[in-house]
Each structure stands twice: as C-alpha cells, then as structure tokens.
Amino acid sequence: MVYRIRHRTTYLYEDPANLCHNLARLRPLDLPTQQCLSFRLKVSPQPDISSSHLDGFGNHVDYFAIQHPHSELTIEAESRVEMRPQAQLLLEASCPWNEVSARIETPGDPETAMARESTLPSRMIPRLPRLTELTAKDFPQGRPLVEAVSALNERIFTEFEFKPGFTNVATPVSEVFKTRAGVCQDFAHLMIAALRNLGIPARYVSGYLETLPPPGKPKLIGADASHAWVSVFVPDHGWIEFDPTNNLRPGQRHIVVAYGSDYADVSPIRGVTMGGSDHRLRVAVDVNPEPSPRPLPR
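When we follow this note's numbering, the leftmost residue of the sequence shown carries the number 395, and every step to the right adds one.
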C-alpha cells in the first residue's frame with residue numbers, strides 16, 4: 395500500500411511579521427514497516443536560510459528562517475510512503491511486565507539505553523503516582539507485558555471520552571486523568587505516564603492515520619489530521635505500538651513521522667516569530683491511498 399500525504403499549514407498575521415525561525419518535523423521515517431518514497435517541503439515566502447538534520451531520536455528536522463516582513467506563512471509537505479505488512483506479536487509471547495526493569499539494564503546496548511531513557515519523566519509527562527489507579531487491574535504480577543499493555547490500551551479507549559476542543563497542547567496529564575476526556579495527544583501522554591510509573595519504557599509517536607468517511611459519503615478534502623499513539627519497548631521483540639484513541643495495534647494505516655519523549659519533542663511545526671501581532675492558523679491534512687495498478691492484459 396502506497397499513501398500520498400499532503401500537510402498544509404498556514405499562518406495569517408494581523409500585522410506583518412518581521413522575522414521567524416521554524417523547525418518542521420513533517421518527513422515520514424524510513425522503518426522496517428514503511429519507506430518514504432519521496433518528500434517535498436514548500437515554504438512561502440521563500441526562506442532566507444534553510445537546512446536539515448536528524449535529531450536525537452533520528453527524526454528528520456527541516457529548519458528555515460524568513461528574515462523579511464511577511465503577512466502570511468504557508469508550509470506545505472507532500473510525501474509518498476509505502477507501507478509494508480507487519481507481524482502482530484502474540485499477547486502471551488512477551489515477558490512478564492514486572493521483569494522489564496531488570497531486562498533493560500544491559501550495559502553497552504544502544505536499544506536498551508534508549509529504553510531506559512524512556513522510563514524517565516519528560517517535559518510534558520511528569521511522575522504521577524496516582525496513575526496506579528489506572529493500571530492496578532491490568533498489571534497483576536506475572537502477566538505478559540503485551541497482554542497487560544493491550545488491556546490498558548482498551549481501558550483508556552472505553553473509560554475516556556474523545557472530545558475535540560476540550561483540551562489544548564498544554565493540557566497536563568493530571569487534568570486529562572481527572573476529566574476523563576481529551577484527544578489523541580492526551581491519551582498518548584496518559585498511557586505513557588501510566589507505563590513509566592511501572593518502569594515500562596514508553597515513547598510518543600507522531601504521524602498520520604488514514605481516516606475513512608461514513609459509508610456512501612465522499613471523503614472531504616483536508617479532513618484528515620495528525621495523529622498520536624504510543625510505542626512500548628518489549629524485551630526480545632523491540633518497540634511495539636499501541637493506539638489508545640482507537641483501541642488497536644497500529645498497522646498499515648498508521649504512518650510514523652517522529653518519535654519522542656512526548657509531544658514537545660515531535661511537534662510538526664515549532665518556531666518563534668517577531669512582530670505579526672495576533673495570527674490565525676489553518677491546517678489541512680490529506681492521507682490518500684494510491685490506486686492499485688491494474689494487472690496487464692494477457
């Protein structure tokens with residue numbers, strides 16, 4: 395399956411902005427389960443300075459600066475990504491969850507070093523001991539890790555309400571736990587916080603999810619959006635992903651753009667602007683599968 399992705403962000407300034415510096419994380423990653431076939435980033439007005447690099451998580455970062463007055467800024471990313479089938483790990487095939495802390499203490503192993511870092515508090519995900527209330531039923535001693543995490547994935551899906559506009563990017567995890575409502579970013583943060591409390595390595599995944607229109611209805615242009623889910627380190631198997639917003643294990647419809655400790659590490663666009671006064675923001679995302687090629691006539 396090959397997807398075409400278009401992500402367009404527009405800032406409309408009340409007064410001209412004089413200067414802006416921005417970091418964009420919009421290029422999908424190359425992974426065993428996906429390959430970015432092409433990527434194009436178009437910025438208007440033309441940047442005065444631009445460069446690209448990989449961050450500490452291996453994400454692609456595009457930097458650009460506009461050093462002249464502008465009343466509008468448009469950032470448009472176009473990608474083609476091939477998605478590959480992935481094997482689903484059996485629930486009982488993983489080690490007991492309470493053995494994970496000991497299993498990630500291997501010295502000199504880069505993968506377990508990253509796993510250990512992913513048990514620590516981060517900028518947007520502090521330690522919240524109260525979250526043991528959320529995990530108490532699903533994590534009895536000796537339960538296989540993937541089975542327990544799958545149960546937590548389902549619990550967040552069933553006990554928390556998906557409520558667009560109820561939260562914002564700065565809403566703390568404690569507030570989400572209290573109000574039992576939020577969006578994909580909130581549920582990813584909540585699940586990561588609960589797992590880290592137990593010493594289980596978990597990280598934030600930013601990407602796209604192909605959405606399907608209601609039966610018989612056309613898909614609206616620009617109606618897709620960025621999505622967020624969770625990656626959990628499973629000893630002997632590596633990183634396994636879970637989507638608490640939809641209660642599923644991500645597959646070919648989930649396209650990974652970036653990994654991080656939390657949303658602050660993977661924000662699609664982050665920057666600073668001088669001048670500009672107030673601004674309006676418009677975001678449109680389209681994720682569409684390419685038609686399968688027709689077989690050649692015999």
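Treat the hints with care, as some may be off.
[Stated by the list, open to error] Pairwise CB distance ranges (calculated): (1) K611 - R400: 17 to 23 Å; (2) P490 - S671: 43 to 49 Å; (3) T500 - L413: 43 to 49 Å; (4) P515 - E548: 23 to 29 Å; (5) L406 - Q535: 19 to 25 Å; (6) Q535 - P608: 42 to 48 Å; (7) K611 - S432: 25 to 31 Å; (8) P490 - F560: 46 to 52 Å.
[Said to hold, decoys possible] Under the rule of at most 30 Å between Cα atoms (straight-line distance), these lysine-lysine pairs were calculated in the DSBU-like manner: (9) K531 - K611; (10) K557 - K531; (11) K572 - K531; (12) K557 - K572.
These aren't lab readings, by the way, just hints derived from the structure by calculation. Note that the structure is a prediction, hence the values are computed from the model and not measured. No residue lacks a Cβ here, since even glycine has one placed at the ideal position from N, Cα and C.
To see whether the hints hold, each was checked on the structure:
1. Between K611 and R400 the CB atoms are about 20 Å apart, so this pair conforms to the stated range of 17 to 23 Å.
2. Remark: the range hint 43 to 49 Å for P490 to S671 is contradicted by a beta-carbon distance near 56 Å.
3. At roughly 47 Å, the beta-carbon separation of T500 and L413 lies within the given 43 to 49 Å, and the hint holds.
4. Separation of P515 from E548 is about 25 Å and conforms to the stated range, judged on CB atoms against 23 to 29 Å.
5. About 55 Å separates the C-beta atoms of L406 and Q535, a value inconsistent with the hinted range of 19 to 25 Å.
6. Take Q535 and P608: their Cβ atoms lie about 44 Å apart, and the range 42 to 48 Å holds.
7. Between K611 and S432, the C-beta spacing of about 30 Å keeps the proposed range 25 to 31 Å intact.
8. Restraint check, P490 to F560: a C-beta distance of roughly 36 Å breaks the suggested window 46 to 52 Å.
9. A distance of roughly 41 Å separates the Cα atoms of K531 and K611; the hinted pair therefore is violated under the 30 Å criterion.
10. About 25 Å separates the Cα atoms of K557 and K531, which keeps this hinted pair within 30 Å; it holds.
11. With a C-alpha separation of about 18 Å, the suggested pair K572 and K531 falls inside the 30 Å cut-off, and the hint holds.
12. As the CA atoms of K557 and K572 are separated by approximately 14 Å, the hinted pair is consistent with the 30 Å bound.
When held up to the earlier numbered hints, the structure conflicts with 2, 5, 8, 9 and fits the remainder.
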